[in-house]
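Below, each chain spelled out in residue letters.
2 protein chains.
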Amino acid sequence: MRRISNESGPYYGYTGIAAKKLVEASARPGDVVEVARSDGSRLMGTLMPKSEFSAPDIVVLKLDNGYNVGIRIDEGAKVRVVEGGSLTTHPGEPVSLSEEEVRPPAERVFVLGTGGTIASRVDYETGAVNPYMDSKELAASVPEMFKYATVDSVQFMSIFSEDMTPRNWQAIAEEVARYFEKGYSGVVVAHGTDTMAYTAAALSFVFHRGLPGPVALVGAQRSSDRPSSDAAFNLTSAVLVASRAPFGEVCVVMHGETGDSYALAHRGTKVRKMHTSRRDAFQSVNDVPLAKVWPYEGKIEMLKEDYRRRSRELRPENGFDDKVALIKFFPGMTSDLIDFLVDRGYHGIVIEGTGFGHVANALIPSVQRAVEEGIPVVITSQTLFGRVNLNVYSTGRRMLQAGVIPAEDMLPETAYVKLSWALHRTRDLGEVRRLMLTNLAGEINPRHELKLFPRWYHDRE
Amino acid sequence: MRRISNESGPYYGYTGIAAKKLVEASARPGDVVEVARSDGSRLMGTLMPKSEFSAPDIVVLKLDNGYNVGIRIDEGAKVRVVEGGSLTTHPGEPVSLSEEEVRPPAERVFVLGTGGTIASRVDYETGAVNPYMDSKELAASVPEMFKYATVDSVQFMSIFSEDMTPRNWQAIAEEVARYFEKGYSGVVVAHGTDTMAYTAAALSFVFHRGLPGPVALVGAQRSSDRPSSDAAFNLTSAVLVASRAPFGEVCVVMHGETGDSYALAHRGTKVRKMHTSRRDAFQSVNDVPLAKVWPYEGKIEMLKEDYRRRSRELRPENGFDDKVALIKFFPGMTSDLIDFLVDRGYHGIVIEGTGFGHVANALIPSVQRAVEEGIPVVITSQTLFGRVNLNVYSTGRRMLQAGVIPAEDMLPETAYVKLSWALHRTRDLGEVRRLMLTNLAGEINPRHELKLFPRWYHDRE
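If you're matching them up, the sequences are chains A and B in order. Counted from 1, the first sequence has number 59 at position 54 by the numbering used here; the numbering is strictly sequential. Counted from 1, the second sequence has number 267 at position 262 by the numbering used here; the numbering is strictly sequential.
Source of the hints: derived by calculation from the structure; they are not laboratory data. Where hints are given, some of them may not hold.
Same chains, same names: a pair is fine if it fits in one copy or spans any two.
Claimed, not checked - Calculated cross-link-like contacts (lysine to any residue; reagent style SDA-like; alpha-carbon spacing at most 20 Å):
(1) 304 to 31
(2) 328 to 175
(3) 297 to 460
(4) 309 to 217
(5) 304 to 111
(6) 187 to 176
(7) 83 to 48
(8) 309 to 159
(9) 328 to 432
(10) 309 to 464
(11) 297 to 466
(12) 25 to 297
(13) 152 to 432
Sequences are here, hints too, so could you generate the full structure?
Given below as structure tokens:
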């Protein structure tokens, strides 16, 4: 039996008028309740536990369509329990899943909370989103995931992903390793979506020698207590992947399309956040996703054949160099930016060139100087799709002569993470080149097919 | 009657053994010829004029499928004219299109050559591509375009597009204005593809007050004398657009898909090179293309309704500030890069943030300092798709408090070009903000629909 505690408020987080009405109705999280407001409107859904930080007059219900909605209630509102929930709960007591109700599956998955929208709540006073919800609350609000695994969790850190640094990658990797060593069959990392792909790449290189099970990074594009939140769907998918997927790889598990049909598990080195707000913002670039995931059906379909199986061994190579820069070339860019990085003592530079990977010929002397001073310069393309090729045009050949490392079809972000990882292992230019050009974690895809380029809308507005 | 001269070599550019065999056969560019090599292989196609810079033993034929192929011939090879070409030509004389064969259409289009692959040739010695072909040669090799317009052309500059600078944008804009003033109904700018989208955005802002006709930027992903070159298809499409499209806007005209079915005219502020090598690398982001173009059928279908019509007026606002930087935020980025740009006297900074446009909270003091020193900081998203929104999370709100300008759904590259253009008009922060947030040339699309996100391949490898 697993216990989920709710320690954040007097009545499952509810206070004031909302707590009063819920206590009157003996409504508990997990119950299906109907809320009739004094304006005559009615809404039915599963009562959710709530953070103490939001306004006291809001009750959060999970609707049948999976959306969470916050209902503002007043003195005249009526709350009625329509159906008792499957969670055995006691007001003021820890929320528990009893053994009778949930037979704990054999697979054990650990959910590591790092912050981000998936662990955040809307502040109904200001409309802002803050990283409030701890991972235990999160688990309590997504009971679906317990179908697939016995889930333990901890809120390991609580930061927005834009504040993540290579040091955080290292700390997360250590924590992930710890739970595999404790025998968990998979680890889920709940993470802000902004830089989730960078962290996924980082963990991919740390664990490129093998993993006993999947590491599934997961996030939400809308906070868990918002209408249209994708948190429950994604988290359930991630737990399913972590418990049952056949691979020992790092992946990002997020909505595959805008509906609630399937999620995708993307290889950590090939995934990118491609949209500011869509639920299916995460997509694989220059590769197909690892797997398609139906969280409610418990189904995983492998899309790639060359995935790495779960291995007994766990040989992490952890650590990142935090003196690496990613810069994007643009017309009119002058060499002062590259010179600055060299003078400032940066250890490595990744450039997003244009097209096949070009920079202006005027920059090549600075690039050459960087290489001569022992600073690897790695070339990727700002087109994102396709493969760098510096052999076609004279500019590219001059860049090769200057000593740049063309990063094949690697994403610029992945090349940045990999260079940071490689430079922590060695500062030897030849060895860095060898590491960068060796496919360690699926970051280089030698097989490109036409279908890998997405299909664009070419019809009338 | 329009004359196209070939002044580059003794026999339409051919020398040595190739010239000898062609003279023996009285074969002229435009003729359908069969080449039988001493190894028994045969190839038939339209003889193309050739640059003096390639190896003497290569004959270039345009095959039925539209591909150009270079055939190495030797003493034992035989060349035979199967069918006289439609071009009336005289060895050693200018290649001419006689009045009987081509009735010059009323529309006059000017093709401005700036360099790039579309005006380049493979050096068969080294396999490299160099910007050799002048625009007259180019015109001679694409007779299809004369169906739609009387075409005049000049090779205005000859540089790779990665070497373009804001100064070049200004020069190109001046030249474009000049040909409209001379009464041309449209101008085609042949341009290297690497930074073509940046130049397209630049011209869009210069001419945002109106244009008498389309400015169609066009390039090739494969050089004109290569098998599978897209130069002829694209150039014909661009001439068709420049002569007959109903809009007075700047657009990029390139292959719409990998086949030779249709091209697309993308709005200059919404287009991006999304693939290193595909023929359909150019795609519209956060908008539908302006028009679909069938170059061989002479058909243009408008996809957008809100295009700007051709106007009588031509009121260019030319000029760009070349002290603007585009930087991409990455996890672990420290404030030294922003501080450097401020200290170095840059006039403006565009940042590609993560997700909704965030940077690390640790960078915000440096951002604030930049703004306080009068340097506009414009925020875009590295997701490319979607819209910047700094009101959702506390990080974003702190950035707004620091004074950043959120660039809506503008591409980072377009925001960079626009800021460079705006800063040439004014250094006043309030005025720059107003310009950046005003939709001048379709760079801000208020209407996003689900279909604007391309469809990704989610099936088995």
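### Task
Find the hints from earlier in the document that the structure breaks and name them by number, from lowest to highest.
Checked against the structure, the hints that fail are numbers 1, 8, 12, 13, while the rest are satisfied.
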